[in-house]
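Student: Add chain X to chain G, keeping to what the hints say.
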Amino acid sequence: MHWRPKLRAVSSRKPPRAKNRRSRHVLLTVVIAVTAIGAACSAKETSRPSDSSKPLATVVAASDTDDFGVRFPMDTLVAARVVSLVPAATEIIFAIGRGNRLIGRTTWDLFPDSARLVANLGDGIRPNIEVVLAARPTLVVLYASTENRAAAAAFRKAGIAVMAIRVDRIADFERLTKQLGVTLNAQRRAQQVVDTVTATLQKVRTVCADAGKPTVVWPLFESPVYVVGKGSFLSELLDIAGAANIFADMEKPSPEVSVEEIAHRDPAFLLTSPSSVNRMEANATWQSVRAVREQHILLVDTLLVSRPTVTLGMAAVSLARLLHPDCASSLP
Amino acid sequence: MTNKGAARNAASARSTLVPAMVAGLAALAVLCVLALAIGSVSLPLQDVVSALGGSGDATVVSIVRDSRAPRVLLAALVGAGLSMSGGALQGTLRNPLAEPYLLGVSGGAAVGAVLASAFGIGSAFGVTMAAFAGAAFATLSVSLIARVVGGRTDTRMLLMAGVVVGAFANAVIIVALSGLPADSLRGALWWMMGSVHDASWAGVGRMGAALAVFGGALLWLARELDVLALGEEPAAALGANVDRTSRQIFLLASFLAAATVAAAGLVGFVGLVVPNIARALGARSHRPMMLLSAVYGAALLVFADLLARTVRSPTQLPLGAITALIGVPFFLARLRKLT
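Chains as they are written, first to last, in the working numbering: chain G, 1 to 332; chain X, 1 to 339.
Next up, chain G with everything else stripped away, as it sits in the complex (with noise of 0.2 Å):
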């Protein structure tokens, strides 16, 4: 098992000079403190403007800043050829009437229909930089995630158009609607689109605004426990569909919790989806949760509720409907 080295004499050596041990480890100790150190000060990541949730009537501008806080082109002509990573992108600009500029997506990019038809290029984070490029797109859609900057640099580099956007609120739909609107050629459209969407969610939050606001619990993950959380659209769509959010005091939008905190917060109702629920109520854990115990829960259906794009109306419609049945006659 053991080697043997072909053995040669080791020539004779002047003795080493003592070296002075203690200033070694200082020395090796200070390099992996500068180190460190210019980890932390490069490149900082750029903050999102702060997005504090915002009545539904404010007026969203089209903004020529991405959420990278880079400004991208709005010319119409650099939009000529558009590859999308974003699958909300992707449905935005097909309801705008500009689903033929699109020469690429992801394979998340399911809706509409028409989407499917489209090149699919990969994933949207960390995308394959040669097929994208391959493609010859002049704008890319991308999603402004930290592990999206390398990719995002190597198509400006390449001399596309990036604009770099995340969907978290219903207010970044409004924006990005417009955006993508006004760099497609699309404005009228596009102000169509959010008019309707807006018109949608303001007639749910009018119906259902004194049918009662029960206390709701929006599990993502049963194991580790995720909620929807203040941060997320669909805290917004709770509250516009008259739901009472109990971790809307929660700035993340999917926040973990244990499902002892939910036990403690006795929600009234506790909404899934339909893959989730046999296992809630196989879990005995899960039976701490008066919801569940009492079998309050609320199937979503999580295709449409799950996407902040074009639907986001009838998002609403469908929230409403499970939680107050009572008005869905009045409700679009």
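Honestly, the hints are just simulated from the structure, not real lab data.
Keep in mind it's a predicted model, so treat the numbers as computed, not measured.
Even glycine gets a Cβ: it sits at the ideal position worked out from N, Cα and C.
A portion of the hints provided could be inaccurate.
To be verified - Here's a subset of chain G near chain X, in silico, CB distances under 8 Å, partners left out:
(1) L121
(2) G122
(3) I125
(4) R126
(5) E130
(6) V131
(7) T146
(8) A154
(9) K157
(10) A158
Tutor: Chain X only, in chain G's frame:
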């Protein structure tokens, strides 16, 4: 052994080493050309050559020069670094199953990268520096623990300290990951699976410099490694300062591994498998072994990256998964041979 026998052995070793080195370099060259031409988008070789010179279709030039070329080079440099590091550590520890990740390097680097994500450091340079700092800190901790517990640089203590530091690092990583938002969590997990997806010319420069400095130092200490491989007592009898030399080589090999982890995340099995391949090809002394390991390690990782980006194109697989799929069968075969 007689002088004639020693000379015969030397000639025999050279007769296998030279062809092995030539074959390795040829394989590396062919793989690099293939990796530049093949990808999610296949490019004619002529276009690739033109693009490397900066001429031709702008999109092809962008794909070749800004996306593929740095990626291929970084994969080669990381493979070379991991292999040299593994070879040096196997010699120091006198254990052919040792590899850089056993000694806490990977855990420390992962802690650095995950903490960088947790503090919102999003730039590739920032994550790289944080990972290197974490790996370097883990390396020094292992060395210090081994010296404090063992009284000197005891190789068994190094291994045990490495396992302990690695376990502690894993615990820190899990705690850090549990509090990360979904976006940062995804990025941290992807980093931990190894990838050269975000390769840049700046990153290639940094890794090249690390390989030149740490790898060059290891090659310079190769003769001392040969002596250490005889065992502590024979080495001491030959006049070697076992404690100091072991410590130097351990630190250099670990820093080289730290640089590879900082550049490409956690890519396992390369540092374990390739030095054993080099020895199987006839490399007995550590200098030719490390040089051969560097060439074959570079070729292996270029090949693994080529697979990672073509097998399920346009989706890209993590590099660490490919090297594990290649390395595990080899590891099992080697383990069986040793028993």
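Student: All hints are to be evaluated individually against the structure, with a verdict given for each.
Tutor: Tested hints:
For G:L121, the suggested interface contact is upheld, since its CB lies about 6 Å from the closest CB of chain X, less than 8 Å. Because the smallest distance between the Cβ of G:G122 and any Cβ of chain X comes to about 3 Å, under 8 Å, the interface hint for this residue holds. Residue-level restraint check for G:I125 holds (minimum Cβ-Cβ distance to chain X is 6 Å; threshold 8 Å). Annotation: G:R126 was flagged as interfacial toward chain X, and the flag holds, the nearest CB pair being 6 Å apart, inside 8 Å.
Look at G:E130: its Cβ gets to within about 5 Å of chain X, closer than 8 Å, so that hint holds up. Taken as an interface hint, G:V131 checks out: its beta carbon lies about 4 Å from the nearest beta carbon of chain X, inside 8 Å. At about 4 Å, the closest approach between the beta carbon of G:T146 and any beta carbon in chain X falls short of 8 Å, and the interface hint on this residue holds. Interface restraint check for G:A154: the shortest CB-CB distance to chain X comes to about 6 Å, inside 8 Å, so the restraint holds.
Below 8 Å, beta-carbon pairs count as interface contacts, and G:K157 has one with chain X at about 6 Å; its hint therefore holds. Checking G:A158 against chain X: minimum C-beta separation of about 4 Å stays under 8 Å; hint holds.
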